[in-house]
Amino acid sequence: MQGAALMGPGVVWYVGIAAFLFGIGALGVLVRRNPLIVLLSLEIMLNGANLALIAFARSAGNGAGQIFALAVMAVAASEVCVGLGLVVALHRRRLAMDVDQLSELRG
Amino acid sequence: MTVVLAASGGNVVVWAVWVVAGFACLASGVAVVSFANPFYSALALIGNLGSLAVLYLLLSAEFVAAAQVLVYAGAVMVMFLFVIAYVGPQQETPWKGGPSWQTLGAVLAAGAIFVEIIVVLGLKAGGRLSHTEHVNATFGSPGWIGRLFLTDHLLAFEITSIVLLVAAVGGVILGEHTKRERDDLAGQR
Chain A
1 MQGAALMGPG VVWYVGIAAF LFGIGALGVL VRRNPLIVLL SLEIMLNGAN LALIAFARSA
61 GNGAGQIFAL AVMAVAASEV CVGLGLVVAL HRRRLAMDVD QLSELRG
Chain B
1001 MTVVLAASGG NVVVWAVWVV AGFACLASGV AVVSFANPFY SALALIGNLG SLAVLYLLLS
1061 AEFVAAAQVL VYAGAVMVMF LFVIAYVGPQ QETPWKGGPS WQTLGAVLAA GAIFVEIIVV
1121 LGLKAGGRLS HTEHVNATFG SPGWIGRLFL TDHLLAFEIT SIVLLVAAVG GVILGEHTKR
1181 ERDDLAGQR
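First to last, the protein sequences are chains A and B. Once you know that position 94 of the first sequence is 94 in this note's numbering, the rest is easy, because the numbers rise by one and skip nothing. Once you know that position 125 of the second sequence is 1125 in this note's numbering, the rest is easy, because the numbers rise by one and skip nothing.
Isolated chain B, as found in the complex (with noise of 0.2 Å):
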């Protein structure tokens, strides 16, 4: 009986956090999309790793949420931050006035893609999608992840690697390009 009344409060607290999280997931997407300053939208995305993590976390991908606040909240948000710094405040439009043709459309793009989806999840969610396997404590742990990476999956970690090179490479190329470029100007005048 108290194991049966524990269980069933454990999933009203995950109830309830998967309810806050949800619900601050799609806030914050909602106000990335639709702020009209970066600094502002950019620090909405940070909300919105966060409470994706969180729901990585109800999830049992415990190595996945740590990468997450890591990597994207960490390294790849400061790095937004500062050229949105360096770029400085942009004089630009939010939403256009009146919905042109081309914003409709690309509402109508998007709310497709969701129907889509959804209309998709309906149709299975009967079948495989309401049967969820039962998992292990080291389901998503890192050292399960990490043997993972390292046996089955070898080819998509080095490949990653590879990934990662050429875009440092590309972000090195395009940084000195300019820089090159500006210093033909400055020796043509």
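Isolated chain A, as found in the complex (with noise of 0.2 Å):
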């Protein structure tokens, strides 16, 4: 045995939904206005990235991809860290939750 071969659709057809995925997330992040729908889609964005890494992995029968599915796994919840901390503060301070209106990051 030479070990298993990828059954049912090919690579492609994963790279497809995560083209797709990548799309999606893009129209969210630039269309949206409210900040927790655009932290939403930008992890739309990432995932679509990671499964194109994975199926890549998958395609090539090597593990670099999976390695850096989690790292971007590990960015992605750094960001969401930070992305939240950053609504918060923005709800204490009684700030409008629109980015359009948030032009100038100083305090």
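Bear in mind the hints are in silico, worked out from the structure with no lab data behind them. Nothing here was measured: the structure is a model prediction, and the numbers come from that model. Keep in mind that the hints are not guaranteed to be accurate.
Interface residues of chain B toward chain A, partial, derived using beta-carbon atoms under 10 Å [to be verified]: (1) VAL1012; (2) GLY1029; (3) LEU1058; (4) ALA1067; (5) VAL1083; (6) PHE1149.
Yeah, the Cβ is synthetic: ideal placement off N, Cα and C, and Gly gets one too.
Fit chain to chain and form the complex, with the hints in mind.
Below is the structure:
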């Protein structure tokens, strides 16, 4: 036994899903104005990239893609930590939850 | 003969699982972007992450799928839901009524990204991507990932820990800063 082949659809189909996820996430980041939903859309973009990384790792039979995906997950957790900190800070200062109005970051 | 039949039956099952998980993934992705209420968006994102974990399992990335469910659907989304509950319901307009030039530009940009990726895929699909390597049973298992992390990718592992530390410090500073300013305001009064 030489090892298991990939069953079901080919890697290209997974990467197609990843491309759609990245596109819809980019649309959400650009169009939506609530910072919470912008953060959620950013998560979708990161997950699209993760799916592409894992699909390519499976295609090449190489583990580096999965390692990279785990690193991306750590970066996403960090980004959520800081982003939600910003949202809570906005809420405490009673600023509007609208990324269009937050044009300056000076305290 | 039975082996071939069993293999094709497994293939059909994998296809069915892929179709369900892929459709759930795309639909929940659209739902996250289009819901007006952030709470519903966060719930849809949990569905998105779950179906992505199924896709990771199909790609024999068991440890990444488990970490996805634990870290994302567990920790990160609970934090999101806490903050959404803390901030409370927001008065916000979901999509602007008419497509202003900003929205139109955003849709064009996102569509351009999608089309670019698909075109590049179409150009490359006849070559290396159509050939998928055979992998061992250990591919994607926790022990294998751990060995890779501590041998070949040790630098990435350590840098990841530094990134998490910096983010934690940043979160603490963001929270503490606003509290101090509020105390200053209270003292001036």
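Structure-based check of each hint:
Because the smallest distance between the Cβ of B:VAL1012 and any Cβ of chain A comes to about 9 Å, under 10 Å, the interface hint for this residue holds. Nearest Cβ of chain A to the Cβ of B:GLY1029: about 5 Å, under the 10 Å cut. The hint holds. Interface hint status for B:LEU1058: upheld, as the beta-carbon distance to the closest one in chain A is roughly 6 Å, under 10 Å. With a cut of 10 Å, the hint placing B:ALA1067 at the interface with chain A holds, because the nearest CB-to-CB distance is about 6 Å.
Taking 10 Å as the C-beta contact cut-off toward chain A, the hint placing B:VAL1083 at the interface holds, the least distance being around 5 Å. Here the hint on B:PHE1149 is kept, as its CB sits about 6 Å from the closest CB of chain A, short of 10 Å.
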